[in-house]
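Chains as they are written, first to last, in the working numbering: chain A, 1 to 391; chain B, 392 to 480.
No wet-lab data here; the hints were simulated from the structure.
Note that CB positions come from ideal geometry on N, CA and C, so glycine has one too.
Please note: incorrect hints may appear among the correct ones.
Reference excerpt, derived from the structure (chain B facing chain A, CB under 7 Å, subset only) [unchecked claim]:
1) F429
2) G431
3) D441
4) P444
5) F445
6) G452
7) T457
8) A476
9) M477
10) G479
Each chain is listed here by its residues.
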Amino acid sequence: MPSYRELLQQVKAEIEEVDAPGARELFDAADPPLFVDVREPDEWNDGHIPGAVHVSRGHFESRIEQAAPDRARPIVVYCAGGSRSAFAAKTLEELGYENVVSLAGGYTDWKRNGFPTQLPRTLDAEKRSRYSRHILIPEVGVEGQLKLPESRILLIGAGGLGSPASLYLAAAGVGTIGIVDDDRVDASNLQRQIAHSTETLGDWKADSAKATIEALNPDVNVITYKERLTSENVERILADGWDVIVDGADNFPTRYLVNDAAVWHDIPLVHGSIYRFEGQVSVFKPHEGPCYRCLFPQPPPPELAPSCAEGGVLGVLPGIVGSLQASEALKLALGIGESLAGRLLLFDALSTEFSEVTLRRDPACPVCGENPTITDYVDYVEFCQGRPAHA
Amino acid sequence: MKTVRIPPTLRPETGGERQVTATGATVRELLDDLIARFPGLRAQLVEDDDIAPFVNVYVEGEDVRTLDGLETPVQDGDTVILLPAMAGG
Numbered sequence: 001m002p003s004y005r006e007l008l009q010q011v012k013a014e015i016e017e018v019d020a021p022g023a024r025e026l027f028d029a030a031d032p033p034l035f036v037d038v039r040e041p042d043e044w045n046d047g048h049i050p051g052a053v054h055v056s057r058g059h060f061e062s063r064i065e066q067a068a069p070d071r072a073r074p075i076v077v078y079c080a081g082g083s084r085s086a087f088a089a090k091t092l093e094e095l096g097y098e099n100v101v102s103l104a105g106g107y108t109d110w111k112r113n114g115f116p117t118q119l120p121r122t123l124d125a126e127k128r129s130r131y132s133r134h135i136l137i138p139e140v141g142v143e144g145q146l147k148l149p150e151s152r153i154l155l156i157g158a159g160g161l162g163s164p165a166s167l168y169l170a171a172a173g174v175g176t177i178g179i180v181d182d183d184r185v186d187a188s189n190l191q192r193q194i195a196h197s198t199e200t201l202g203d204w205k206a207d208s209a210k211a212t213i214e215a216l217n218p219d220v221n222v223i224t225y226k227e228r229l230t231s232e233n234v235e236r237i238l239a240d241g242w243d244v245i246v247d248g249a250d251n252f253p254t255r256y257l258v259n260d261a262a263v264w265h266d267i268p269l270v271h272g273s274i275y276r277f278e279g280q281v282s283v284f285k286p287h288e289g290p291c292y293r294c295l296f297p298q299p300p301p302p303e304l305a306p307s308c309a310e311g312g313v314l315g316v317l318p319g320i321v322g323s324l325q326a327s328e329a330l331k332l333a334l335g336i337g338e339s340l341a342g343r344l345l346l347f348d349a350l351s352t353e354f355s356e357v358t359l360r361r362d363p364a365c366p367v368c369g370e371n372p373t374i375t376d377y378v379d380y381v382e383f384c385q386g387r388p389a390h391a
Numbered sequence: 392m393k394t395v396r397i398p399p400t401l402r403p404e405t406g407g408e409r410q411v412t413a414t415g416a417t418v419r420e421l422l423d424d425l426i427a428r429f430p431g432l433r434a435q436l437v438e439d440d441d442i443a444p445f446v447n448v449y450v451e452g453e454d455v456r457t458l459d460g461l462e463t464p465v466q467d468g469d470t471v472i473l474l475p476a477m478a479g480g
């Protein structure tokens, strides 16, 4: 039976190695290999090669495919001194990775040469605990959870859709949530608008939602805009800088305004709308997929638009649709998964059916098409309340 | 026979029916059949002899505007979805 030293020598003879200056050349290449750090978490936390992924030896076989899904991409694997990485390199070859080298001399030699290192961004113990169920998901992990506090998501409306969307985004750890709503909490809202409560009746919805969000997660910075979105204020509100907009408006004029603004500012828009038992959800990614006007070039004439207040809605429906919007917004913020861009998801609560239709960009779209005819904000007549949106 | 799904906003015109059957080899013929039986649908679906710009018609999940519009063929067994914009939130 071979000793450890003999086994190490045997493995090293079977794998490719690169010294620190050689690895530095690869590091600086236009198309650099993936650096995989196989050390223990406390070693990683003291510093690592910039851009490296961390898969410690203890979880190596089970987690490497998530961290390095492309087996054809060259890999430089390293540890502290080059022994553990030699074994990891052998494992990678056995797993079918095509081009693997182990960094001889390891991180110690890399650092001794004065090559670049970086300290990992980490979550403190309290946040590790709060977000542990996210961190356990490979697609999110610590890296993803560290992105969310940097994310800025703007919610149009803190009503049926905005309530669940804002609460789930806040619970997830989104750093900044903007809320645009000029309404106050009314008793008829409480059957579905769960960010508000009997206690906050009469308060601004933006303030009421902010208080609920802060009670849920004090890490979230909530910016409130107690005003109706109009052509007059939309540029000022967007100037605060947003990564994603979640549209939970209750009227057509605002929906068209938000869409046009999202296209012109190149911000992905998560659309949701509800009526009685039915909901629609999609993602409008400017210039990549269709926009709301590709779907519906113009709002229906006032006499054909269903009255929002009279139509009614099953209380839980916005909970489902708003949560789907939150899910899409989180995926966009994290840069994971397949969004609903190019698809409109239809949900019918009465028959409990989801269906989907295909949405395509309209080359003749008046806003995102080849020859746009709408180049400035349009204030449509506010037909839900039967008065102009913009007097 | 083709199945046509009626959205909630149009159900007052179809006596509350969520789904109806219709005949016709093209979208135009199918809409003509529907409107003949439910005349109130005309104003909600048609404008200037075309599909109104505030409503979409899908045949098997595809927007007919990206196919052949009113002349898009409809096969027996196909599901047609009428989808007007809705604003509620």
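Is the hint on G431 of chain B kept, meaning its closest Cβ partner in chain A is under 7 Å away? Nearest chain A Cβ about 11 Å off; hint violated.
Taking the closest Cβ pair, is A476 of chain B under 7 Å from chain A? 4 Å, holds
Identify whether the interface hint at G452 of chain B stands, where standing means a beta carbon of chain A within less than 7 Å of its own. Where the cut-off is 7 Å and the nearest Cβ of chain A is about 5 Å from G452 of chain B, the hint holds.
Would you check whether T457 of chain B satisfies its interface hint, that is, whether its CB is within less than 7 Å of any CB in chain A? 5 Å, holds
Tell me if F429 of chain B is really an interface residue toward chain A, meaning its C-beta lies closer than 7 Å to one of theirs. The hint is violated - F429 of chain B has no Cβ within 7 Å of chain A, the shortest such distance being about 15 Å.
Double-check M477 of chain B for me: the hint is only fine if its C-beta lies closer than 7 Å to a C-beta in chain A. 5 Å, holds
Minimum beta-carbon distance criterion (7 Å), P444 of chain B to chain A: 5 Å, holds
Holds or violated: D441 of chain B as interface residue toward chain A, Cβ cutoff 7 Å? 12 Å, violated
Given F445 of chain B as an interface hint, is the shortest Cβ-Cβ distance to chain A below 7 Å? 4 Å, holds
Closer than 7 Å between Cβ atoms is the bar; does G479 of chain B clear it against chain A? Give me holds or violated. 5 Å, holds
Consistency with the previously given hints fails for numbers 1, 2 and 3, ordered from lowest to highest.
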